[in-house]
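Asks: Take the given structure of chain A and dock chain B to it, following the hints.
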Amino acid sequence: MNLVRCLWSWTVLLSFTGAVTAAEIASPDLTVEQAIDQYVQARISERQLQPAPNADDCTLVRRTSLDLLGRIPTAAEAKRYAESTEADKRLKLVEACLASPDFAYHFRNQLDSLLMGGQKGNHNEFREYLLASVRQNRSWDQMFRDMLIGSDDDAASKGATAFVRVRARELDELTNETSTIFFGVNVSCAKCHDHPLVEDWKQDHYFGMASFFQRTYVTKKNGVAEKFTGEVKFKTTKGEDKVAKFMFLTGATIDEPVVEISAEDRKKLDEEVKKQMQDDKAGPAPKPDFSPRAKLVELALQPANNQMFARAIVNRIWEMYLGRGIVHPVDQMHSGNAASHPELLDWLTRDLIQHQFDLKRLVRGIVLSQAYSRSSEWTASAEWPSPDLFAVALVRPLSPRQYSLSLRLASAAPESYKPEAGGDEWQKRRDELERSAEGFAGQFELPAENFQIGVDEALLFSNSPQVLDDYLRDSPDRLVGAIKALPEKGTQISTAYWTTLSRVPTADEIRACEQYLSKRNDPVAGLRQMVWALLTSPELRFNY
Amino acid sequence: MAHSPFCGSSEHGVTRRSFFGTTVFAGATAFAANMRVMDALKNPCLAGELKRQQKSVILLWLGGGASQFETWDPKPGRPTGGPFRSISTDIPSVQISELMPKMAQRLKTTAIIRSLNTRNADHGGGTRLMETGRAMEQAVDYPDLGALIARELGRADSQVPDYVSMYSETEGRHKGGPGFLGARYAPTFLTESMIPPNIRRPDSLPEVDHQERADLQKLLARRFSERRPNASVASHGMAYERVRGIMASESLFDINKEPQSARDFYGPTQFQEQCLIARRLVEAGVPFVKVARAWWDSHGQNFETHLELCADLDQGMSALLDDLKQRGLLESTLVITLAEFGRTPNINASLGRDHFASAWSCTLSGCGIKGGAVYGKTDPDGHKVVDGEMKSGDLFATIFAALGVDYKKEYHLGARPIPIVDFGCKPTQDVLA
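Here the protein sequences line up with chains A and B, keeping their order. Take 61 as the starting number for the first sequence in the working numbering and just add one per residue. Take 72 as the starting number for the second sequence in the working numbering and just add one per residue.
One chain only, chain A, in its complex shape (with noise of 0.2 Å):
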């Protein structure tokens, strides 16, 4: 093991440049999830707290369930995890469901709100792109090319070249989505004046980017196409004008090859730009030798400068499963803004760029952690811990997509959907569910930071006649329907409770419910105001 270690810090001492030195990260023959809970412990420790505990099978699965499938569990399935009695049960769940073709949905729900969030209207295209990739599980460096430099004549790469094209007309939305998406660095400050309080960005740096964007046009045919020459000036906060580098985010520079090229060809080249701007009979548009976002690929992914994309998307990750970013928050990842265990964010960093920038891998290890796997609750007496040292699950809203598939499953009769079919039967039957869950999460907003529940959702829900007879119906199919035909109100009872919220009722819970079943006149109506109160529930509504 020691001279493993020696040989290991030799090449990880050749490979990092400026980051911590290999004695300070613990061995790569760690898993993921035992690096992981080895420093998170760590921290824990040094505090002298008692994290809180691990979460009640209930709540893993459906955490579990939320986070990689991208929905609650069925009935069926919480039950089958409450009262297994497998030892490596948590293990078999993760890989089941890593395995199940609901994972590749919601994964390309998530990369589709990182990559795309802010952008209004449908890319139908560029999610059909994701989640081909997802699925083959295309490493991140080369979905990285694909969105930046791929073609659309090209099978692997077709669509991606959207996440561009939707912001080819703004530079500076090209450059700062960019840099915030892929290397979790908002320079945005830093275009008018060197950041006020991070001194790692300055102008140069803003432009710097930016003018590997400067060329990018879009065709009138709606393609991605680079001009021949272009620069970008900038005024610095001195008044002094400047002609900006191609200087990547590091401070990595390069410079263009100077070429000789007649004034005459000059000119041909710019009507052919034009040309292709305004005429939609265009060839295929002409290629420059010399393309500037190739050459931000090539800088960002070379191993002197791949840290920084490396991190970033760690850190993106990170917060998918864990609600907070070891950076925070995940746009400001610079000196001045520590990460909460910059160890264990390097660790991972290596990891993933030895693996291949494999992401399920590093998906596969956090959900294995013991630290994603603590309870959302905090009954010790001792102050709350604060919230970066992990030692307690956040509770996190569900996205518009995760709500309103749950609420599609949550309000049908429990044997409806049988995941446990597998095979082409599920995939199927999922495809058609993430289909009709598309328009109704279309209410919602993706949660951010403070996220706020207004008063339209909670008008929505009570008032609406056709969300109401959606998820209420008294037909075979819906929950409602099938209760109706159970014999007791406990049963009915529980069934409910399992069907929406994926656990047993409390007592408490099974008295009100039965007190409030009893005073009805109509029972069925009884039923749906019960199931109802249940499906707006907040424990339906966030992921605890």
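Because the hints were derived from the structure by calculation, they are not lab data. The structure displayed is predicted, hence computed values, not measured ones. C-beta: ideal position from N, C-alpha, C; glycine also. It is possible that part of the hints are untrue.
[To be verified] Derived DEER-like restraints, expressed as beta-carbon distance ranges: (1) Thr-262(B) <-> Ser-105(A): 55 to 65 Å; (2) Gly-178(A) <-> Gly-495(B): 24 to 34 Å; (3) Glu-498(A) <-> Asp-212(B): 22 to 32 Å.
Replies: Chain B only, in chain A's frame:
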């Protein structure tokens, strides 16, 4: 390296959290502290104080860009002045367009600003600029004035909507929005119908059941909410708490609830009726109401257009100011007239005026305003501002100051401080009481 709280330093995160404590209310209070109301609700003395201080804003939005020449800053006899004259007002040295005779007798409650130079003469960009008080930015989705006011003056548990926006015409119809403040502050947006969506109990559900169903939901939710104190979870409960109150506020939107005398007082046009509804809403405590009147974009037939539209505005606005005054509401209600820009001094070949953002006007009346003030001057032909130039941000600062909201306040978006008013902008003291 200064450890600024804006860099997302976790040390500061701990400090804030421990400051607000760990009780059940902690989560809600930590967020609602910015709304400064949840603490007040727990303290009966403060609650009373707050009610007395309940302030509101009515924004009369002149969609398309009203001409300052035909309203607040006439240039009679000049080549740019057009055919209309100016008339005396109840303020000795001040004249406004003859198209606004009723408002001419009500300048004692109104301040006119004649020196807006906002530079953006594009419908989309100008609208964003005048709605949010700042230029659009890639990195930040700024909230509009309605969302800001809903946040600053609204109550977390309000039984009425926080932000109502009425835009009946199709031209220029724009919803605006809460930007990074989130859907909680989105407007109730009324276009073809004056009935807010989902405000009525469905026929299939009797009143008693509607109430008892809500009570059951609340009861069943209690265990979860108590064990997971968190501002988002708390907002869920709060949203459902507000449903009954909001449903009851449906009647506020029903003009038939007003006696005929009141309806006659305002007048029969859609805009005038909506002004009456606005009064009903602020009377009930709605912090922000926008009434849009479109379409002032008179590239052709400028003078006919303004003859008609100014008459509508003049009647609606003066009735509104009188009614608010009579009910003792004017001192706590700020009435604003505003648009995306003004109109050119140049009269074009179609007898129209085009977009013009270099020197134009708006008005502020009521709460916190020095009535009779006229701020800023344009040159004799109205080509440019010669004194007291104001930007959109300055107008916003002035609005906040009039309402007693700290214009220097900052929100935080992640690590970044977002001042509620654009950098370097200040209130114009001359129009403040």
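Asks: Check each numbered hint from earlier against the structure, then list the numbers of those it violates in ascending order.
Replies: none
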